[in-house]
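Chemist: These protein sequences, in sequence, are chains U and R. Per my numbering, numbering through the first sequence is continuous, rising by one, with the last residue being 309. Per my numbering, numbering through the second sequence is continuous, rising by one, with the last residue being 852.
By construction, these hints were calculated from the structure, which means they are not laboratory data. The structure displayed is predicted, hence computed values, not measured ones.
Just a sample of chain R residues kept apart from chain U, beta carbon distances all over 10 Å, derived:
1. Ala-446
2. Gly-520
3. Asp-529
4. Asp-538
5. Arg-667
6. Met-668
7. Arg-689
8. Arg-693
9. Met-714
10. Gly-739
11. Glu-781
12. Tyr-832
13. Ala-839
Below, a sample of chain U positions facing chain R; criterion: calculated Cβ distance under 7 Å:
14. Thr-214
15. Asn-226
16. Asp-300
Here a beta-carbon is modelled for each residue, glycine too, at the ideal position from N, C-alpha and C.
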Amino acid sequence: MMVRLVARRILRVALMLWVIGSLVFFATRLTGNPIDSLMPEGIDAASRQAMIAYWGLDGPVSEQYLHFWTALAHGQFGLGLQERRPVADIFFERTGNSALLLLATLAVTVAIGVPGGILAAVWRGRPRGGVVLLLAFLGYATPNFVLGILLILIFSYRLHWLPSSGAAGLAHYVMPTLTLSAFFVASLLRYTRNAMLDVLSQDYMRTARAKGFTERQTILRHGLGNAMIPVITALGLQVATLVSGAVVVETVFAWHGVGDLLVNATLHRDYPLLQFGVLAVAAAVVAVNILVDLAYSAIDPRVRLAEAV
Amino acid sequence: MADLLRVENLTVAFGPAHQQTMAVHGLSFVVKPGQSVALVGESGSGKSVTALAILRLVERGGGRIVGGRMRFQRPDATALDLEVASEAQMCAVRGRDIAMIFQEPMTSLNPIQTIGRQMAEVLTLHEGHGTTVARAAALRMLDQVKMTDPARRLHQYPHELSGGMRQRVMIGMALLCRPKLLIADEPTTALDVTVQAQIIALIRELQRDLGTALLFISHDLALVSQIADEVVVMQRGTAVEQGARDALLQAPAHSYTQVLLAAAPRLGSGTPPVPLPGADEPVLRVTGLAKSFPSPRGPVAAVTDVSFEVQPGETLAIIGESGCGKSTTARLVMRLIEPSAGRIEICGQDVTTLGSRRMRAVRRNIQMVFQDPFASLNPRLAVRDLITEPLVVHMPELSREARRMRAIELLRRVGLPDESMDRYPHQFSGGQRQRLCIARALSLNPRLIIADEAVSALDVSVQMQVLSLLRELQTDLGVAFLFISHDIGVVERISHRVAVMQAGCIVECGPTRQVLEAPAQPYTRQLIAAVPRIRFGQVVEAA
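Just chain U, same shape as in the assembly:
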């Protein structure tokens, strides 16, 4: 039973990666030939043709498509058109930076979003609860590039407190992390608030109060775990959004990460790099979602492990 479920899950992941890979493959080829952006202007037709053949872009698209997957299956990801180095090398040089930014964002999101959501639920109908919700609404509604540029204007150009670009030290993390997390803190806060409001009126919370627990103990011991079940699901769904948010933020803060890399690859029609990058990011998102499902079954005994896989 379990084996079959795991097999089905793997098959589903493989199918999804195939669809994504194909989409990237054809979408990039719709934008035109990358050689033109690599070559100086006014180059003669013969050299151009030789270049196209060198990069394997001369055959029919169907042939290129087949080659793309067979090479991938053999672990050959190709060379980046810009840097003429293996795309995997280029890509993985950047993943550390991005992963650190995403982890920092995730930490800030959970550290502020969850307690904020609990307080907003407990303070429902009171002015301070309204203030929390208003702040969340601001975070929700401000586009991240606007927030990023605003922060740079204030803290870099005017106050000179924080560096506006690069990823050298801790100070470099402050603004990109804030910019990226604003939206996610806000949405996690609202998810947590709704989940907590739901939990607060549950019968088992009344049982806990009748046992003699204070309201704070009741919430921490019996409310939090139950409220986290829907929140974790929501968090898992947001990971993909987080990655696309990182693309914008990395561009704004010249953060040498995966997002920044992929934006440049798109601009230069760097097919191999783009294909590999998108597939790798998609695989990472899928992996995170599987982890979320496992976490879900760990926290909720009613969900069996088999169902999570």
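Since the structure of chain U is provided, determine the placement of chain R on it from the hints.
Modeler: Okay, now just chain R, sitting in the frame of chain U:
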């Protein structure tokens, strides 16, 4: 002996100060150590609010104690006025000196923590015991509440236990600190009658062994008569009558107590209709019906082999405990789910494999009334549209005016005023809503109405009214009912014949009188024996 709890003039209000409503008004009663006091009343009488007020948990639900005193004698012989006690004082009292068990065993335990953890934490909190000591005490308590296989239960989660087992856990949890007062709010209402009898016997036994006083809250006078020394009858927030059990039940002085006593569905108090002679063509004939549902561990049979007939103008009741397959049978007959085997004939037509379009035509003859009158009416539809909606589906040619006329006719049939037409469901009480559901079911002049626990959610006095309405409709319109219920007292008042279901099979079927007075099967006897009866004098052990 000193009073354990003395409640004087308790008044609890809900809503904003300028337009507050009194849920409890000037209630006074006394609980002596070791004594059982019952608060009896229908929904909205203020009995649960009183319980929550004693524990000062009523504020959480938006209530305010606006008057009165609640003096509680603590174990150290000092008195505490609960109505003015600080939150810290209350936290020390709750769970240690006064414990409470609730109506809903299915939802009153935290679903993501083990039974052992939830029990042990009470001792850790109040007695400062370490986990090992607390768990050992929890294990002893599980044994004391007669839980099967107690050591295993400690590691299990609530969803792995049945309703009765969960209620045992709740009782054990409440008694861990040996409280002086146990408040039980409808502790058996959500349970089957046989389980109810066990739980009541258990509470009585533990109460005797531990010397705990009991404040028992119930709508069921028969049940109360088995457990209470003193009875307080509540209506709309006030005590209309109170006194020693026997005196009160034998000679109820207040008219409301008399109504409650008369309305309580008790075996032997109803006069079931006389069975009808067999007709040529039954409205419903079910033969060898079976249904199993897939599950990770192979198919689970919900209904294994069910055969019965319903004659025109007859009421056939299907009774049984939760999980016996009675609701599945109803859904199969409606073709809401597909049978695994068997045959369903409606008015002589085999509908077992009918396609959805042709089934729609058949559905005119067979309508359904559900248990929950609150959830089964679309809150956004006005009554005129709500009860004539089946007409829109089945008789689209009818004009608006014709539907309007029909709506008025239906409302009058079920005893609601014409003005109800333009109102919305939330403006009606539970009983009125169930009348609306019945009106909707009647709109197509069906030959058979399937009523699945149709009066279970209603107060006893309202139950009576709805049951008389159903009998009246049957006499006037000749409609047949397939009446599915767990409540034998209700069944006795309405059905010509009774079918008893157990584990997916009909174990016994026959005329109501015969089945209830001379049951042939041991299961039927067990079921009937478990129904609470009003008892006077010396309380005898439950069967």
